[in-house]
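Protein chains: 2
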Amino acid sequence: MTTPGPSHDDSRFLRACRQEPTDATPVWFMRQAGRSLPEYKAVRGEGSIVDAIADPDRATEITLQPVRRYGVDAAILYSDIVTPVHAIGFGVTVEPGIGPVVATPFRSRDDLGRLRDLEPEADTPYVLETVRNLAAELEVPLIGFAGAPFTVASYLIEGGPSKNHGRTKSLMLGDPALWADLCDRLADLAITSLTSQVESGARAIQLFDSWAGSLTPAMYERHVLPASTKVLEAVASLDVPRIHFGVGTGELLTLMGAAGADVMGVDWRVPLDVARDRLGPTYAVQGNLDPAVVLAGWEAVEGEAADILTRNAGRPGHIFNLGHGVLPDSDPEVLERLVELVHAWPPGPTAS
Amino acid sequence: MTTPGPSHDDSRFLRACRQEPTDATPVWFMRQAGRSLPEYKAVRGEGSIVDAIADPDRATEITLQPVRRYGVDAAILYSDIVTPVHAIGFGVTVEPGIGPVVATPFRSRDDLGRLRDLEPEADTPYVLETVRNLAAELEVPLIGFAGAPFTVASYLIEGGPSKNHGRTKSLMLGDPALWADLCDRLADLAITSLTSQVESGARAIQLFDSWAGSLTPAMYERHVLPASTKVLEAVASLDVPRIHFGVGTGELLTLMGAAGADVMGVDWRVPLDVARDRLGPTYAVQGNLDPAVVLAGWEAVEGEAADILTRNAGRPGHIFNLGHGVLPDSDPEVLERLVELVHAWPPGPTAS
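Which chain is which? The protein sequence lines are D and E, in order.
Take the first sequence: its letter number 123 is residue 123 in this note's numbering, and every next letter is one higher.
Take the second sequence: its letter number 75 is residue 1075 in this note's numbering, and every next letter is one higher.
Hints are computed from structural coordinates only; laboratory data are not their basis.
Take the hints with a grain of salt, since some may be wrong.
[To be verified] The calculated lysine-lysine pairs, modelled on BS3-like cross-linking and capped at a C-alpha distance of 30 Å, are:
{"id": "1", "chain 1": "D", "residue 1": "K41", "chain 2": "D", "residue 2": "K163"}
{"id": "2", "chain 1": "E", "residue 1": "K1163", "chain 2": "E", "residue 2": "K1230"}
{"id": "3", "chain 1": "D", "residue 1": "K163", "chain 2": "E", "residue 2": "K1163"}
{"id": "4", "chain 1": "D", "residue 1": "K41", "chain 2": "E", "residue 2": "K1041"}
{"id": "5", "chain 1": "D", "residue 1": "K163", "chain 2": "D", "residue 2": "K230"}
{"id": "6", "chain 1": "E", "residue 1": "K1230", "chain 2": "E", "residue 2": "K1041"}
{"id": "7", "chain 1": "D", "residue 1": "K163", "chain 2": "E", "residue 2": "K1041"}
Modelling step: build the complete structure from the supplied sequences, incorporating the hints.
This is the structure we're talking about:
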């Protein structure tokens, strides 16, 4: 089927996802839309992020803002990893400053019944309208996304953000059959959501398994990999690059790649060259500046960014990004200069 | 000088620290004293943990409780990593359910003046009395401990626990000279505190750099390693094993070892055999069961513990522990059975 808007096939971002040479290193930032931008605060309005996501005009504008301001090489849909479970009525809200909160957490097999199929046109028409708006308007590719089954499951089970994922691991290890069924349900939701985003004009997808780094490699392989593989393999036929991301996943990189990624997200704990060596030539990489460094100001950012770019040593298949989302107190001017630095890399000889 | 109590030199725990063969794998648990034990709740009393630490009778009893109940192979002093900075009047309290909280966080060079030398006999006589009590009473070695400069600095700068250590990294990268001076001060405090604990009867020490895993290896090497090396090298002459521990430090293990450890703490994210390979034969290892697995009940614990012991494959120099502290909701009976399992490993042939 044809999707709205230009293909952007020759864009820096998509070429880098395919490990093709580019005129400059592409760059975008996780959570580039949002909390750190004054223009975001101006249009965001009161109420939950869920309300802003459900308003295609606002969501479109919020997605465009960082592209305009920073000149980044990709846009990422303004949405949330819990949008599908919210839309099918599981009872999830997103509290400002906290994150997803679940009124009645997932506890037993009966709760599987609360996870019906997602019908994108009926349940999330606003997402599709936002994606179509953006596909028509953007001069860079739009990244669609979904939460990976483990990370979404952790919110549904814990009832909110968690420091140690105790309840999640208890269910995973204590009732592996129920855990597998839950993850399989969440995989189906992710597949349906990602497919609908791509069919509406997203040119790449990112699977966020943000908290997978809390697991041992053995837990990941046995209890998480199957459902994430299901998602990434199902969307392979959509013919868009698949980015797979988590925080603190140094020991999981090869497993997460094997799940079916084209691009592996790397957080700052692993030096980029070490990550590329560990992953081998199969994968492009995305990352990996510590978002906290942005708070330290331009000189610190300049040094750390140069280190990352030097470690990549001009190899094709590097998309510059932070190792996790932009922190709320980040100075947009620092990020603006960072985009300039990445695009101008390597620095030319200084006129003397 | 002579220290109180028996040397315990031939104990399982100290032999394993020195990588000597043992009749069984020694085991203890970080935070084995405290929140998860009913007998702890019975004697702990109201008020801050700081008050309980300052009462040698209570602190002695709390330290002994898990040794009695679990039959672990080492005791760890009931204290806190902020005890020295609290004792010299920096203005640190420990809030229940939160952790260390600092009324007036460290912000500038002037604040260095708030970090005077520690005089153990005058500032923390209760710690020394507790250690002497324990050295006389315990049938297993007592582990003394201190917070590593980075982790203590992060509390002083952030004012409390932090998700991303933004202010800490800002100071580290934005004013490296002040950062180095702060860490050097905190190193001196740790050295004085550890030395006084060992002279009072502690038979091993653990340096807790719990949050070092939030750093890139380059940040660790440049901004953290020097002060931690100063601590570990200064206490080398005390002739007790030095354990060095952090969470999420898979990429830092060799650096943290090189700081001067005899035993490297390993969290659950790195399989124990991978950690041993990464570290080489120089170091004993301590770990590495995910504390959240304890919440999943005995069957899960049994499987994960067997996996860890199997990965160690009988090599000397393994001290079984959790990868981080015992979680408050842990069932003491599960930990009791875990100690039995570790001591009985490898399992004999089943009678049939």
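Given pair status - K1230(E), K1163(E), alpha carbons within 30 Å: holds (27 Å)
Pairwise hint evaluation, K1041(E) against K41(D), where the allowed Cα distance is 30 Å at most: violated (47 Å)
Pairwise hint evaluation, K163(D) against K41(D), where the allowed Cα distance is 30 Å at most: Measuring from Cα to Cα gives roughly 29 Å; hence the hint holds.
Given hint K230(D) paired with K163(D) - CA-CA distance at most 30 Å: holds (27 Å)
Pair hint outcome, K1230(E) versus K1041(E) [Cα-Cα no greater than 30 Å]: With Cα atoms ~37 Å apart, K1230(E) and K1041(E) exceed 30 Å; violated.
Proposed proximity, K1041(E) with K163(D) (alpha carbon, max 30 Å): holds (23 Å)
Given pair status - K1163(E), K163(D), alpha carbons within 30 Å: The given pair, whose Cα atoms are some 10 Å apart, holds under the 30 Å limit.
The structure shown violates the earlier hints numbered 4, 6.
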